[in-house]
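Sequence lines, in order, name chains A and B.
If you want our numbering, it's the 1-based position in the first sequence plus 1.
If you want our numbering, it's the 1-based position in the second sequence plus 17.
Careful: at least some of the hints might be erroneous.
Claimed, not checked - Covered by chain A, per the in silico footprint, the following chain B stretches (three or more residues, Cβ under 8 Å):
1. 487-497
2. 505-512
What the hints assert, rightly or not - The calculated DSS-like cross-link candidates involving lysine-lysine, where the alpha carbons are at most 27 Å apart (straight line), are:
3. A/Lys50 <-> B/Lys35
4. B/Lys426 <-> A/Lys161
5. B/Lys35 <-> B/Lys150
6. B/Lys35 <-> B/Lys184
7. A/Lys112 <-> B/Lys342
Hints listed in this document are in silico derivations from the structure and should not be mistaken for laboratory results.
Cβ coordinates follow ideal geometry from the N, Cα and C atoms, glycine included.
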Amino acid sequence: MIDFSRSHFDLLGLRPGFRIDAEALERAYRDLQRRVHPDNFARASDAQKRLALQASARANEAYRTLRDPVARAEYVLALRGVDAASETDTRLPVEFLTRQLERREAAEEAKDAHDDRALGALIDDVRREAAEARDEVARLLDASDPATPMRVREWRFLVKLADDLDALRDAQI
Amino acid sequence: MALFQISEPDQSPLPHAKRRAVGIDLGTTNSLVATVRDGVAVVLCDDAGRPLVPSVVRYGEHATEVGYDALAHAADDPHDTIASAKRLMGRGLADVASGQRRAYRFVDGEGVIRMATRSGAKTPIEVSAEILKTLRARAEASLGGALDGAVVTVPAYFDDAQRQATKDAATLAGVPVVRLLNEPTAAAIAYGLDNAAEGTYAVFDLGGGTFDISILRLTRGVFEVLATNGDSALGGDDFDHAIVDWARDESRLPALSAVDARRLLARAREAKELLTQHDAAPLIVSFADGARLELTLSRETFGRLTHALVAKTLVPVSRALRDAKLTASDIKGVVLVGGATRMPQIRHAVAACFGQAPLTNLDPDEVVALGAAIQANKLVGNRDGDDWLLLDVIPLSLGIETMGGLVEKIVPRNSTIPVVRAQDFTTFKDGQAAMALHVLQGEREKVSDCRSLARFELRGIPPMTAGAARIRVSFDVDADGLLSVSAREQTTGVEASIAVKPSYGLTDAEIARMLQDSFAHATDDAAARTLAETRVEAQRMVTATESALAADAALLAPQERNAIDHALAEVQRRLEGDDRDALSAAVSALNAASEGFAAKRMDRSVAQALAGKRVDAFDSR
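Next comes chain A alone, as it looks inside the complex (with noise of 0.2 Å):
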């Protein structure tokens, strides 16, 4: 049976670790699918075909959380034993939750107003900032700084954001 205790990155065979070669996990990962994946077992025995779909089912989640860079950080954080993503603990700093609200109320009123090239610039101010996020935890995840957590946060915050105004200048078009 897949030993369902073993992390992401040693299922696939790769070094633990933010700093990953995206190429090597997208072949890690078709790999273990070529061998693991239902479609191989039709015509086996029920346990073999309930043992491919859970095995299955876990190289599908593995690839998941290490293809986005921001659960990877988080994945990466929980092997180190920090919850950074938990229910229990959604801090962010004042000042930046502040700001992001007065982006969110000025994409909509650069909705209202029909003005894309505004919403646009703003959509990619938003993405310019993620993009320095994710450097950023990649230099904290090498140093172990306790101000991770926050950042990732932050991170995810922001990209979330960017998808959510991508969706308010679509829903416009």
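Guided by the hints, dock chain B onto chain A, whose structure is given.
Chain B only, in chain A's frame:
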């Protein structure tokens, strides 16, 4: 009704004997069955050489007719001739637009839709089963025996209820389904393997009643669906109705009888098809009272009438691209699937949207069935060694109702399947002993805007203060895209689970009764049938175990090997008798005995994948 054929127990089929595998495209307007013959996928035709089976069933005075025979009566016997049943799969009466309600005699009631016919009330599942039976008979005649496995296609945007309904229809028809496959993905297989394509492709699939758009990445033999979207109630049918509405307005037609309405609809469809080749088409209808309608429909007018319908297809396209984090310029090619994509206005819209002419070198009516046949051939084990791999997704998010009528999403749309995802919930009141779980599918936040899939209850939660219980709800979506849900209180282990039987589906008991009913009319009795099915299952288990032992016996300790051999011998002994229950018990025992073996083999597979053993090359056939 033919029984599954079973070879003599001591003459088990050779492991490399070709198994009979088919792909079935169960369409809104037409259905097809295809197989792989001498390495090439081919559609199986009827005696007259016709590849399509019109998806029409007529419950006649003396017999049930399917296909062209039924279609011929669509106009003169409208209430007992059911067309486009696929649009009603997994749906309740409330989902049927008021305009469509006149088409059939719908039976009032909760749950699954029923239509009154000469042969009694029929669900869309039973109607679809008639079509599947016809396809099965055609395949068995052509392949010379009972089928070993079938891949049945469904629209990618079908929700859980619609998928389950399709699987139930196959069960009723005696079709051994090895996989439900999304139609655009099937098309991509037929297309990609034919062209040895690499890169990111879009499949634009406009059928008779459903629309799908899938974005796939093809890399070294892996077909990875990045995103899918669509509209399970938009198709070529709607273009016919647009012509009908126009004709009614143009000539101020009075309310038409069911017979006249069907005639007009049939002529409207012909006009639509003519406009693919011509700039104008006549619309001439003779009504039952002798009145006559004569109109000419130009391509330009048709384009204007259907402008909104065409635009409606482009919304899912942009959503799918966004979910895949791509833009139209990232798409290397656009494959057109479905007869409705023959319409020039659709081709123009697709070309404009993607900035390139769509690929049309495979017949849009056949490509789905061909891809399904290729996949079926692989799944039943007719191919050796490493092959292509499909990684598909679920089209719509799955979630649970929480306080305030809101939906908490547990599995987001476009998650690669199979997927297992769990989330913890807690109690709302002190001492709460039970929790009602309402499973929903859809993208909206409010329960009322999503599709209700099922409700079930977790009971026996021990008394705790509000918020203290930890109820873990787990969603398992299998490789067919079908959901099962379980709930477990973490501190006490109290458990409840259901395979999601949708609110608009049939219960297992209903399916069993329908199967019994269908046998009441056949010469074989139901007991013989279940014995035959158990034998097929037992034989499959014996073959699977033997081939596993032949490959990996070294993984087993002597006592494990002994237990498996013993259980195997018992199944083989019971196969010679005709005690169904004893055989069934022996199969269960073999399953239990080989569980550890299966786990070891799976472990080794994973280890081999990690050892970097890779197959980059893959041949296209």
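Hint check results:
no.: 1; hint: 487-497; verdict: holds (count 3)
no.: 2; hint: 505-512; verdict: violated (count 0)
no.: 3; hint: A/Lys50 <-> B/Lys35; verdict: holds, 22 Å
no.: 4; hint: B/Lys426 <-> A/Lys161; verdict: holds, 16 Å
no.: 5; hint: B/Lys35 <-> B/Lys150; verdict: holds, 23 Å
no.: 6; hint: B/Lys35 <-> B/Lys184; verdict: holds, 25 Å
no.: 7; hint: A/Lys112 <-> B/Lys342; verdict: holds, 22 Å
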